[in-house]
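**Student:** One letter stands for each residue in the lines below.
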Amino acid sequence: MSVLLSFKDIQENIHGSTSAALPTSSPATTFTELQPLMVHPGNSQEDMTEKDTAPPGGASTLQKARARFLRGVSYFSGDMEVFGKWMEKQFILLQLLDWVLRGAAQVMFVNNPLSGLIIFAGLILQNYWWALNGFVGTLFATISALILQQSRGAIAAGLYGYNGILVGLLMAVFSNKGNWYWWLLLPNVFMSMMCPIVSSALASINSRWDLPVFTLPFNILVCLHMVATGHYNHHFPQVLIQPRSELPNITWAEIDVPKLFMSVPVGIGQVYGCDNPVTGGIFIVSLFISSPITCAHAVLGSAVGMVSGLALAAPFGDIYFGLWGYNCVLACIAIGGMFYALTWQVHLLAITCAFFCAYLGSAIANIMSRFGLPACTWPFCLSALTFLLLTTGTKKIFKLPLAKVNYPEKNLGFFWKMKKEEKIEKAEAEKKEREKQQKAIDEELILNEKEQLRLELERAEEGGTQEEQKATEGEEIRHNDVIEIPVDDCV
Amino acid sequence: MSVLLSFKDIQENIHGSTSAALPTSSPATTFTELQPLMVHPGNSQEDMTEKDTAPPGGASTLQKARARFLRGVSYFSGDMEVFGKWMEKQFILLQLLDWVLRGAAQVMFVNNPLSGLIIFAGLILQNYWWALNGFVGTLFATISALILQQSRGAIAAGLYGYNGILVGLLMAVFSNKGNWYWWLLLPNVFMSMMCPIVSSALASINSRWDLPVFTLPFNILVCLHMVATGHYNHHFPQVLIQPRSELPNITWAEIDVPKLFMSVPVGIGQVYGCDNPVTGGIFIVSLFISSPITCAHAVLGSAVGMVSGLALAAPFGDIYFGLWGYNCVLACIAIGGMFYALTWQVHLLAITCAFFCAYLGSAIANIMSRFGLPACTWPFCLSALTFLLLTTGTKKIFKLPLAKVNYPEKNLGFFWKMKKEEKIEKAEAEKKEREKQQKAIDEELILNEKEQLRLELERAEEGGTQEEQKATEGEEIRHNDVIEIPVDDCV
Amino acid sequence: MSVLLSFKDIQENIHGSTSAALPTSSPATTFTELQPLMVHPGNSQEDMTEKDTAPPGGASTLQKARARFLRGVSYFSGDMEVFGKWMEKQFILLQLLDWVLRGAAQVMFVNNPLSGLIIFAGLILQNYWWALNGFVGTLFATISALILQQSRGAIAAGLYGYNGILVGLLMAVFSNKGNWYWWLLLPNVFMSMMCPIVSSALASINSRWDLPVFTLPFNILVCLHMVATGHYNHHFPQVLIQPRSELPNITWAEIDVPKLFMSVPVGIGQVYGCDNPVTGGIFIVSLFISSPITCAHAVLGSAVGMVSGLALAAPFGDIYFGLWGYNCVLACIAIGGMFYALTWQVHLLAITCAFFCAYLGSAIANIMSRFGLPACTWPFCLSALTFLLLTTGTKKIFKLPLAKVNYPEKNLGFFWKMKKEEKIEKAEAEKKEREKQQKAIDEELILNEKEQLRLELERAEEGGTQEEQKATEGEEIRHNDVIEIPVDDCV
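Protein chains in written order, with our numbering: chain A, -19 to 471; chain G, -19 to 471; chain F, -19 to 471.
Derived from the structure by calculation, the hints contain no laboratory data. By construction, the Cβ of each residue, glycine as well, lies at the ideal position given by its N, Cα and C atoms. Honestly, I wouldn't trust all of these hints.
Per the computed footprint, the stretches of chain A lying under chain G, defined by three or more beta-carbons under 8 Å from a beta-carbon of chain G, are [unchecked claim]:
| id | stretch |
| --- | --- |
| 1 | 122 to 132 |
| 2 | 221 to 230 |
| 3 | 290 to 300 |
| 4 | 342 to 352 |
With these hints in hand, go ahead and build the complete structure from the sequences.
**Tutor:** And the structure:
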């Protein structure tokens, strides 16, 4: 928990939403911890530079060491913004490598080249040929986006690469020609280069509802390739996938509990089509580096998928193989803090979405198998889009504008800042309201006074000497002075 | 016909669009009858209260009795607005029951708890277990909508319940485990609770075209459940549905005409998955109570479906079983007066839509059977959405704004009121135009007069004495008076 | 090339975007040729009339003859605007014939009754019965659009007929009852009359993204009819289409090169479901008459389809039969100059789209065959829509607003005119900028002068006689004159 905390602090520190509160941070829960960081929104930039050069004098050596450690961690956690900015001035090929690595990690919504590097390590551990295809896919998808002059910011965040890596990987995984069938690189390059076109087209549609395209381009293109060639093809045959046509043999006594628990990391590995639990474990580490919230939801999603598989009487083999997990992993990450600001209501929604996604996954797998196709990540895309289209009356479920989506911790910062501003505005509005009421009361008093004066005047006029009239004129002038005070207040 | 008439009068009476015309209503057709009711739009509220307390003095005892009878009927026809308002102050559980009953009737676009009660009676007559599942579905869908803080007005109108009842019913109907398999309530509750989420998501999309979601959430969720588990499942097996793979044996001599006629009520019953003609008949009654136009179109739609089945050489068994009817019933109701204002062109459009829906029904049933799925109400949803997206140049086909959709009779009232207002506006515009022309003519006359005066003046000046000039000055003043008259008109 | 050139000149001439440049046109390439035509946008109308009555005096007899020839050609190329305008005053049945013929040609995006006539000739050559069904389909689709009061301009351009002809033709092609089964006309008429409804509904959706509906209504309605009846139907049985379930026997030695080349015109013929290469050749001629760019892209698309078929190891029979070509033909025409302004980048994009379309075609054919359906033109629709939804940062890929889409040559004219205007605007903006800078410099000079005068004045005042002051007053007045010059410039 303490580590989790530090990550957050640092990320906030780096990304300029905080820092004044850092030295006083106590080991409370994450949520109460981050709240005070938002106390001074707006002046955080100055705070940060000030703080970097001169930490408050009273801080102990321990606190200093801790701050230094946190600053160190901040350089490779979150979205590595500092590194990204440094990269902008580097040689184009080095930049391209950065984009490819970020693209590899973006499959899990992580915008972090270090996570991408670790993921590639995991892929190499699984299968050299697959890793190569994944790399080729990411590379050509990014190049194609550059040719088509897509938004440079999106390319640099790896948003044009993640469909490419999945296209490359899964085309290799489902090829029936085995490893090192070099001709496969041809459709791989073609399909990867189609990724930005399909992404851009889908974004034109989804942006009307402020929705991301998720991995829909990958789903479309891999299914396209697989069904266009099919199992019975001379050049690019696919593995044979057939629908279930008899009752599976499920004996609850035969259940293998360790394998069941292993299915959680395997489910995370299956996001990239990998069935090696070690690879899955490496992916968990890569997630943790960038964003602990993402990591927690990934594990949670995989567990939900496993439970759903048992509830719907799926063959144990499918569950062990992680086929029930990977969609739930992605859905749970997407809803749990990525596109919604994380509150406990959103956390519950993310779990609901994971269950729904598991159900949908079984349905889509059954339908797709009729065409010899795997489920790909259609279930994740459809369930996450459904849950993102949801509109509710509660403010606790807050969908971030797509342009403001970052990683969960930063999203939370944005959300709290917004809430703080709302609260301040509300307080100000209340204050004004109170002042207004006060003024109304004052004015009434003045009016009463004026009325009294007028009555006096009338009485005086009845008396009727020249001197008395002079006196009332003076009164009136004094009265005007009194009236002018609230007028000044108004201005 | 007379009864039909009375219903309308009363509904209009209750919902404040009429009443001054009531005592003079003659037994003409419905359409000519309702038209005069719109004569005084805007002041109907006062009229109503006035009328309620003091009916016109000259009314005979018969008319009084009739008015009293109509008022009585009005309390349980239409959308029972009075009852709904009374309900708002009741205990929450009683309100929930109202919402559930309205939800049950909303499947047929009827917002009436009495109709819902009768429908539940029909369901119980068909099968206890199905009725229970339907009730559970409606209840949990409504509860889920409350949890998700959806619009209270929509919940109170049963708009979050109708998908729930269908989900509950059809999951029971298509379960292969037979009746009283209690575990089925688990997926039933889960899927029912997903209804508001899917409804809300679809509404986010459809609202861009001002379209309703119809029963799409039900279609999606039931198909999801059925295909996720399938026929070969240990926990929740589905009945086996297989595609046709040989020429059906159709001998026209064997046709059973009484059964063919029975297929009309059976078709209406199949909207709720019921094949009992008595249940279908009960449903017809429940429709008639709320809205005779809806009822007429339901019967018409079922008949169109039956004819289409014969035309496309469907096996007689399917036709007798009502499978060709239920989608057409819903499509015909939706187009015929519900989302379009009923004119005879719209009536023809509704019949066309029913034929199209029958065609589409056959197509979708064939496709879905490949996946072991029934057609559900996909054909209705798709055909009705297509016909609602239609844009034409004619004003006779008027699509009501979604927010103004009520029951057909009230929709007609809205349409006529709008047309009346348009006519008045047009008449006023014409009147203004005519006045303007008149004024232009007047001004021209004045100008001519002025010109003449000027000429006279010139002549006079040529004459040149002081006295003559004075006279012309007087003339000019008089002339100015003449000019000022149209200026006053303008103001 | 020279003929190609003349067509363009004439089309431009007729459609009022050019003419002053005509007499000086040299046999350069098409692109450099057309560019100067845009030099005088705006005054082309006057130019044209001027030119029509009096060609420049110095033109030789050859040039005159050429101009006359070009004018003659212009009457039946492009969209035959002159003929269309003449038609507006004719008898309604004659107009209807014009609309039907334009509808027949609109399948290939050609708005030309002569092309339509030639296409019908090609159809008759292929099969009388199919041609009759196509005619009936176009006729009833157009009539239905008239009944539904769709936009008269769109009807007159044949935009409601092209889905009708395809529905009619393909229902006849895929009917298993053989030719002259007259009952088929019943569903043919019904489905044709549904075309405008489905078109209008889809247009409501697609117009949000400024996209055309292409042949989606045809795809939907023919698939609907085929799957609703199916192979096993008494009234309207369809030919049996089954998925591939074994490795096709492909021996590269057996390849028939002449047949492979014949597959290019056959592919174009297959747009209308015709496998006769002569019919395909006739269609090529009909395209060439209206728009050479369209014709070139049609041939290119068909060739791309053929190559893709070989690359994806398709059975040779399918390739010879043109099944790999027709979608690519349409996709290549749509992207290559029809909905994008033709630049070489767009030309490359069109080829990419054709390859993507071929891939997609294979995928969709495999999926549809599971339901006993042909691929229809789904692959074209989906790939073209995808490529039209693409957004890029480059100005070289310019998507025309849907309302401005015409035939490729005219689209180019629009694009160049727009670019010209942009250039002029930019030049003017630059000029203004320069003037502003100049003025700023001038003003600074004046200010300096003024400052000097003031200094002189001060010095003079120090001197202090009455006469000197008078002189400075004169100076000041002169100085005001100087200042007023730039002020006048501003106005």
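**Student:** All the hints need checking, so say for each whether the structure fits it.
**Tutor:** Verification of the hints:
no.	hint	result
1	122 to 132	violated (count 0)
2	221 to 230	holds (count 6)
3	290 to 300	holds (count 3)
4	342 to 352	holds (count 5)
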